[in-house]
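Visitor: Here is how the chains run, residue by residue.
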Amino acid sequence: MKTLVQAIHELGQRLGRNVNLMEVCGTHTMVAFRTGLRQLLPASVRLLSGPGCPVCVTDANYIDAAIALSHRPDVLVATFGDLLRVPGSESSLDRERAAGASVRVVYSPSDALLLARECPSRHVVFLGVGFETTAPTVAWAVYRASRDRVMNFSVLCAHKTMPGAMDALVRDRQVKIDGFLCPGHVSVITGAAIYRFICESYRIPCVVSGFEAWDILKSISLLLAQLADGRAEVEIEYSRSVTEQGNVAAQRLIEEVFEPCDATWRGIGAIAGSGLAIRETYARHDAVRALGVEFGESRVNPSCRCGDILRGVARPPDCQLFGRGCTPAYPIGPCMVSSEGTCAAYYKYEGRIAA
Amino acid sequence: MKYERIVMAHGGGGSLTHELIKELFAREFDNPVLRTSDDSAVLAMNRQGYAFTTDSYVVKPYFFPGGDIGRLAVCGTVNDLAMQGAQPQWLSLGFILEEGLPLADLEKIVASIRQAVAEVGVQIVTGDTKVVERGRCEGLYINMAGIGRVVTKNWIGGANARPGDVVIVNGPLGEHGVAVMSCREGIEFQTSVVSDCAPLWPLVKEILETGVEIHTMRDPTRGGLAAAVCDIARASGVGIRLNESAIPIDPAVRGACDLLGLDPLAIANEGKLILFCRALDGERVLAAMNRHPLGREARIIGEVQEKPKSLALLRTTIGGERIIDMPTGEDLPRIC
Chain A
4 MKTLVQAIHE LGQRLGRNVN LMEVCGTHTM VAFRTGLRQL LPASVRLLSG PGCPVCVTDA
64 NYIDAAIALS HRPDVLVATF GDLLRVPGSE SSLDRERAAG ASVRVVYSPS DALLLARECP
124 SRHVVFLGVG FETTAPTVAW AVYRASRDRV MNFSVLCAHK TMPGAMDALV RDRQVKIDGF
184 LCPGHVSVIT GAAIYRFICE SYRIPCVVSG FEAWDILKSI SLLLAQLADG RAEVEIEYSR
244 SVTEQGNVAA QRLIEEVFEP CDATWRGIGA IAGSGLAIRE TYARHDAVRA LGVEFGESRV
304 NPSCRCGDIL RGVARPPDCQ LFGRGCTPAY PIGPCMVSSE GTCAAYYKYE GRIAA
Chain B
2 MKYERIVMAH GGGGSLTHEL IKELFAREFD NPVLRTSDDS AVLAMNRQGY AFTTDSYVVK
62 PYFFPGGDIG RLAVCGTVND LAMQGAQPQW LSLGFILEEG LPLADLEKIV ASIRQAVAEV
122 GVQIVTGDTK VVERGRCEGL YINMAGIGRV VTKNWIGGAN ARPGDVVIVN GPLGEHGVAV
182 MSCREGIEFQ TSVVSDCAPL WPLVKEILET GVEIHTMRDP TRGGLAAAVC DIARASGVGI
242 RLNESAIPID PAVRGACDLL GLDPLAIANE GKLILFCRAL DGERVLAAMN RHPLGREARI
302 IGEVQEKPKS LALLRTTIGG ERIIDMPTGE DLPRIC
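These protein sequence lines map, in sequence, to chains A and B. Take the position in the first sequence, starting the count at 1, then add 3; the result is the number in this note's numbering. Take the position in the second sequence, starting the count at 1, then add 1; the result is the number in this note's numbering.
I should point out that these hints are in silico values taken from the structure, not numbers from a laboratory. Worth double-checking, as some hints may not be accurate.
[What the hints assert, rightly or not] Chain B side only, calculated, beta carbon under 7 Å to chain A, not exhaustive: (1) S16; (2) L17; (3) T18; (4) I319; (5) I324.
Cβ atoms here follow ideal geometry from the backbone N, Cα and C, with glycine treated the same way.
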């Protein structure tokens with residue numbers, strides 16, 4: 004570990020300039036903060052946290068739509084626990100559940116499907132939020148529901164895919180990204196080849212990283228070495244799990260159930276082709292079509308800078324709400340509520356040490 | 002945006018629970034004894050100190066690996082007394098039973114209570130039974146109050162940790178929370194972890210018999226070690242620094258936490274205590290603990306400093322440092 008840190012410092016010196024490395028994975032964010040590894044980096048190497056937390060990039064009007072569904076007497080909303088406290092425009096699912104809405108926490112989409120089989124009198128809507136990592140399990144539940152004719156099961160789909168977002172971040176140019184730490188779990192499914200366009204079009208090096216502290220440090224040293232050598236390639240540090248082509252069976256399942264669509268990322272805006280929508284064949288299991296869900300206008304606190312933080316333009320303390328109006332117990336922006344949100348991590352593990 | 006209704010996190014033992022207590026209960030009932038906010042209230046009668054505590058038990062399911070709701074009730078109540086340096090004497094036992102509860106289950110739970118009570122040498126001296134309609138509670142809930150006689154000369158309390166103290170824990174953390182979660186509907190997973198549910202008085206007795214002045218003791222239940230050290234740092238106005246590599250955590254607990262995305266430091270324990278005493282007394286306390294089965298794996302996990310005031314920090318295994326934050330009280334299963 005010491006030699007890795009030393010190598011990073013030497014490479015940093017060799018580069019002789021400031022570099023911005025961005026990770027785009029909520030688990031990387033958490034590991035970086037929880038292990039305190041950010042403090043081991045030289046001042047010239049900045050580790051930015053990008054839009055890697057799926058909860059954080061989910062638009063407020065999605066939460067609003069889920070809340071509206073949870074109040075319908077014929078509907079039971081099933082969700083991963085981390086969406087419960089995310090603020091929508093007016094309220095959150097946990098507050099609404101306390102007020103009588105039907106919201107059930109499940110630990111997998113298959114559990115939600117099971118719930119639908121067990122409660123034939125209710126329509127179970129699973130909140131499909133996540134990147135390529137969770138998309139196959141949701142696709143599988145939809146596929147099974149269709150095959151077994153479980154008509155009272157559908158998904159309110161807000162799935163997103165990572166490459167489009169990375170592309171948008173690079174084009175943004177408000178923050179100069181010198182290298183990407185690519186998400187390990189996503190890459191297990193997609194394969195590492197999906198990042199090649201970033202190296203080829205923008206000359207930005209990419210390293211797919213694992214989730215231990217030493218994985219991330221190793222990946223940072225690989226990125227710095229590429230920068231020092233003037234290379235821009237996709238390297239796989241997390242080679243114990245990630246291959247070039249990824250998990251083909253999972254990709255087929257995603258392909259079978261979903262098709263690309265434009266998606267709105269909270270705080271960033273619309274990104275063409277960066278979302279997954281349920282295909283026409285499975286329309287009966289798409290909550291939007293099966294239940295006639297309508298999305299209203301998102302209303303968010305204008306002072307909230309989650310969008311800037313997700314793009315690496317601002318750090319959490321730059322936001323005037325951080326730690327004042329907005330805390331993990333009373334989050335205003337999504338980055339403060341999700342367990343993998345940058346503001347939550349910053350607040351929990353680092354923000355007040357200096358104070 | 003304040004909450005207008007109670008949400009599950011209000012019962013999670015984290016910041017929302019603390020806020021509810023502070024802004025509603027403590028404000029309405031404020032008095033010097035309540036203000037100490039320790040695990041039990043210490044009262045003086047005829048120049049003898051008595052510790053008094055109450056707790057309700059709603060764990061789901063009521064049988065779990067390593068224990069059941071009955072044993073949990075005795076341990077939880079007895080431990081709250083022991084943390085104040087009090088020898089548990091008397092307990093009350095209040096049942097809320099659901100219509101349809103199998104009598105065989107109730108008998109098993111009662112037998113388990115009898116067994117736990119015998120381990121501590123405490124008596125159940127009063128009780129109550131209520132039955133509610135089917136669907137109004139899940140099987141049964143228990144409320145238990147306890148009274149113990151304070152046997153220490155000095156005041157043990159959350160506000161008494163001092164710079165120069167060491168922090169000692171009696172064994173590996175997170176087992177109760179993980180054991181209960183492993184059999185919870187919806188997330189059943191195979192694990193070798195069983196609840197650490199145990200009455201701590203016998204261990205505390207050994208510790209007190211060393212004659213060492215103990216400053217603070219806490220049983221890190223809901224909210225785990227994280228909530229306990231945050232609370233103590235705040236109450237004592239000191240900085241607490243823990244060493245991650247010294248904190249004992251079973252690999253199976255760590256694995257389950259990784260799987261569920263939880264921090265093992267924020268997971269509940271029911272047979273653990275953390276203790277603060279002067280550094281030069283540390284080895285003596287540790288030796289006494291190591292002689293007892295519940296303290297065989299006891300170790301020093303950190304120390305108290307003057308600064309940063311009211312903050313708990315963790316020196317990580319890779320040499321970084323981070324804050325230990327009060328858990329918010331996430332949407333976790335009911336574990337006690």
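Visitor: Could you check if I324 (chain B) really has its C-beta closer than 7 Å to a C-beta on chain A?
Guide: holds, 5 Å
Visitor: Quick check on S16 (chain B) please, does its C-beta sit within 7 Å of some C-beta on chain A?
Guide: holds, 5 Å
Visitor: If you take the shortest Cβ to Cβ gap from T18 (chain B) to chain A, is it below 7 Å?
Guide: violated, 10 Å
Visitor: Take the shortest C-beta to C-beta distance between L17 (chain B) and chain A; is it under 7 Å?
Guide: Check passed: Cβ of L17 (chain B) comes within 6 Å of chain A, closer than 7 Å.
Visitor: Can the hint on I319 (chain B) be confirmed by a CB-to-CB distance to chain A that is less than 7 Å?
Guide: OK, holds: I319 (chain B) within 7 Å of chain A, min 5 Å.
In this structure, the one hint that does not hold is number 3.
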